[in-house]
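Colleague: Sequence:
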Amino acid sequence: SSGINAEWSLRPGGDFATHLLTNKRDMLEDYFGIVVTESGELIGLPILLEGFYPLLFRIPMFLLRLATEVEWTTEKECFRTIAEELAEFYSLQLPPDEDEKLATASASATDVSDAVDPNVANWRFTLEHVLFPQIRSSFIPDSSLTGDGSILQVADLHDLYKVFERC
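End of the sequence shown sits at 357 in our numbering; the numbers just go up one at a time, nothing left out.
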(Lines of atoms letter the chains of each structure in order from A and count residues from 1; the text may use other names and numbers.)
(Lines give C-alpha, C1' and ligand atoms only; values in the text may rest on other atoms or scores of the structure.)
Protein backbone atom coordinates (compact mmCIF):
# COMPACT_ATOMS: atom_id res chain seq x y z
CA SER A 1 0.00 0.00 0.00
CA SER A 2 1.26 3.44 -0.74
CA GLY A 3 1.65 5.64 2.25
CA ILE A 4 0.93 9.26 2.91
CA ASN A 5 4.68 9.89 3.05
CA ALA A 6 5.25 8.31 -0.36
CA GLU A 7 2.38 10.22 -1.96
CA TRP A 8 3.25 13.64 -0.59
CA SER A 9 6.98 13.76 -0.10
CA LEU A 10 7.31 15.95 -3.22
CA ARG A 11 4.21 18.06 -2.64
CA PRO A 12 4.03 21.33 -0.70
CA GLY A 13 2.37 20.74 2.65
CA GLY A 14 2.93 16.99 2.47
CA ASP A 15 5.07 16.82 5.58
CA PHE A 16 2.52 18.86 7.51
CA ALA A 17 -0.34 16.62 6.34
CA THR A 18 1.57 13.43 7.14
CA HIS A 19 2.48 14.68 10.61
CA LEU A 20 -1.05 15.89 11.41
CA LEU A 21 -2.85 12.77 10.19
CA THR A 22 -0.34 10.50 11.90
CA ASN A 23 -0.92 12.36 15.18
CA LYS A 24 -4.71 12.10 14.75
CA ARG A 25 -4.66 8.44 13.63
CA ASP A 26 -6.27 6.98 16.78
CA MET A 27 -9.25 9.32 16.56
CA LEU A 28 -9.56 8.84 12.78
CA GLU A 29 -9.61 5.05 13.19
CA ASP A 30 -11.88 4.91 16.25
CA TYR A 31 -14.57 7.27 14.97
CA PHE A 32 -14.30 7.11 11.17
CA GLY A 33 -12.51 3.88 10.19
CA ILE A 34 -9.65 5.77 8.52
CA VAL A 35 -6.56 3.75 9.39
CA VAL A 36 -3.15 5.44 9.29
CA THR A 37 -0.06 3.62 10.60
CA GLU A 38 2.56 5.16 12.89
CA SER A 39 4.83 5.50 9.86
CA GLY A 40 2.15 7.47 7.96
CA GLU A 41 0.78 4.81 5.64
CA LEU A 42 -2.92 4.89 4.81
CA ILE A 43 -4.03 1.27 5.14
CA GLY A 44 -7.78 1.48 5.65
CA LEU A 45 -10.84 3.46 4.68
CA PRO A 46 -14.41 3.01 5.92
CA ILE A 47 -16.92 1.06 3.85
CA LEU A 48 -19.93 3.36 3.87
CA LEU A 49 -22.03 1.25 1.53
CA GLU A 50 -21.39 -2.40 0.70
CA GLY A 51 -20.35 -2.72 -2.94
CA PHE A 52 -19.53 0.98 -3.35
CA TYR A 53 -15.94 2.13 -3.24
CA PRO A 54 -14.50 5.61 -3.79
CA LEU A 55 -12.35 6.36 -6.80
CA LEU A 56 -8.74 5.75 -5.80
CA PHE A 57 -7.36 8.69 -7.77
CA ARG A 58 -9.16 10.93 -5.24
CA ILE A 59 -7.21 9.64 -2.20
CA PRO A 60 -4.38 12.22 -2.27
CA MET A 61 -6.84 15.14 -2.41
CA PHE A 62 -8.97 13.54 0.33
CA LEU A 63 -5.94 13.25 2.62
CA LEU A 64 -4.79 16.77 1.86
CA ARG A 65 -8.28 18.12 2.58
CA LEU A 66 -8.42 16.14 5.84
CA ALA A 67 -5.26 17.90 6.92
CA THR A 68 -6.17 21.39 5.71
CA GLU A 69 -9.96 21.72 5.71
CA VAL A 70 -10.92 19.98 8.96
CA GLU A 71 -11.50 22.17 12.01
CA TRP A 72 -9.35 20.21 14.47
CA THR A 73 -9.70 22.60 17.43
CA THR A 74 -13.31 21.96 18.53
CA GLU A 75 -14.85 18.50 18.82
CA LYS A 76 -18.23 19.18 17.21
CA GLU A 77 -16.75 21.08 14.26
CA CYS A 78 -14.00 18.48 13.90
CA PHE A 79 -16.52 15.64 13.53
CA ARG A 80 -18.72 17.69 11.21
CA THR A 81 -15.89 18.70 8.89
CA ILE A 82 -14.40 15.19 8.77
CA ALA A 83 -17.87 13.89 7.85
CA GLU A 84 -18.08 16.55 5.11
CA GLU A 85 -14.71 15.49 3.71
CA LEU A 86 -15.74 11.83 3.76
CA ALA A 87 -18.97 12.74 1.97
CA GLU A 88 -17.03 14.62 -0.71
CA PHE A 89 -14.54 11.76 -1.10
CA TYR A 90 -17.27 9.12 -1.40
CA SER A 91 -19.54 11.19 -3.62
CA LEU A 92 -20.30 9.45 -6.89
CA GLN A 93 -18.51 11.39 -9.58
CA LEU A 94 -17.07 10.53 -12.94
CA PRO A 95 -13.33 11.03 -13.40
CA PRO A 96 -12.85 14.59 -14.77
CA ASP A 97 -11.99 13.51 -18.32
CA GLU A 98 -14.97 11.12 -18.43
CA ASP A 99 -17.38 13.87 -17.38
CA GLU A 100 -16.31 15.93 -20.42
CA LYS A 101 -16.60 12.89 -22.72
CA LEU A 102 -20.14 12.18 -21.49
CA ALA A 103 -21.20 15.81 -22.04
CA THR A 104 -19.77 15.73 -25.57
CA ALA A 105 -21.42 12.37 -26.27
CA SER A 106 -24.75 13.64 -24.95
CA ALA A 107 -24.66 16.60 -27.32
CA SER A 108 -23.76 14.58 -30.41
CA ALA A 109 -25.32 11.12 -29.96
CA THR A 110 -28.97 10.20 -30.12
CA ASP A 111 -28.36 7.44 -27.58
CA VAL A 112 -25.72 8.37 -25.03
CA SER A 113 -25.00 4.71 -24.30
CA ASP A 114 -23.61 4.37 -27.84
CA ALA A 115 -20.77 6.73 -27.07
CA VAL A 116 -19.80 5.90 -23.48
CA ASP A 117 -16.72 4.04 -22.37
CA PRO A 118 -16.28 1.49 -19.55
CA ASN A 119 -15.77 4.15 -16.84
CA VAL A 120 -19.16 5.68 -17.58
CA ALA A 121 -20.76 2.24 -17.83
CA ASN A 122 -19.28 1.33 -14.43
CA TRP A 123 -20.56 4.61 -12.98
CA ARG A 124 -24.06 3.87 -14.32
CA PHE A 125 -23.93 0.29 -13.02
CA THR A 126 -22.99 1.57 -9.56
CA LEU A 127 -25.91 4.00 -9.60
CA GLU A 128 -28.44 1.44 -10.80
CA HIS A 129 -27.36 -1.69 -8.93
CA VAL A 130 -25.68 -0.40 -5.75
CA LEU A 131 -26.79 3.10 -4.84
CA PHE A 132 -30.44 3.21 -5.94
CA PRO A 133 -31.38 -0.16 -4.36
CA GLN A 134 -29.81 0.96 -1.08
CA ILE A 135 -31.70 4.25 -1.18
CA ARG A 136 -34.95 2.43 -1.98
CA SER A 137 -34.54 0.03 0.95
CA SER A 138 -33.16 2.45 3.54
CA PHE A 139 -34.36 5.97 2.82
CA ILE A 140 -37.20 7.16 5.01
CA PRO A 141 -37.93 10.81 4.28
CA ASP A 142 -38.85 13.16 7.05
CA SER A 143 -42.57 13.90 7.16
CA SER A 144 -41.87 17.56 6.41
CA LEU A 145 -40.35 16.57 3.04
CA THR A 146 -43.31 14.44 2.05
CA GLY A 147 -45.85 16.92 3.37
CA ASP A 148 -44.55 19.94 1.46
CA GLY A 149 -44.17 18.16 -1.87
CA SER A 150 -40.36 18.02 -1.86
CA ILE A 151 -40.56 14.25 -2.26
CA LEU A 152 -43.38 12.69 -4.23
CA GLN A 153 -44.22 9.06 -4.94
CA VAL A 154 -44.37 8.76 -8.70
CA ALA A 155 -45.47 5.13 -8.97
CA ASP A 156 -46.10 2.07 -6.86
CA LEU A 157 -45.01 -1.26 -8.31
CA HIS A 158 -47.91 -3.11 -6.71
CA ASP A 159 -50.45 -0.73 -8.28
CA LEU A 160 -48.70 -0.97 -11.65
CA TYR A 161 -49.05 -4.74 -11.58
CA LYS A 162 -52.79 -4.35 -10.95
CA VAL A 163 -53.10 -2.11 -14.01
CA PHE A 164 -51.18 -4.50 -16.26
CA GLU A 165 -53.12 -7.54 -15.03
CA ARG A 166 -56.26 -5.98 -16.51
CA CYS A 167 -54.68 -5.61 -19.96
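Possibly wrong hints are sitting among the right ones.
The following label-pair restraints were derived from C-beta to C-beta distances [to be verified]:
id, residue 1, residue 2, range
1, W262, G339, 38 to 46 Å
2, H348, I325, 12 to 20 Å
3, H209, I341, 43 to 51 Å
4, A273, T227, 20 to 28 Å
Just so you know, the hints here were simulated from the structure itself, not pulled from any lab data.
Cβ atoms here follow ideal geometry from the backbone N, Cα and C, with glycine treated the same way.
Colleague: Going back to the hint list, which numbers does this structure go against?
Modeller: none
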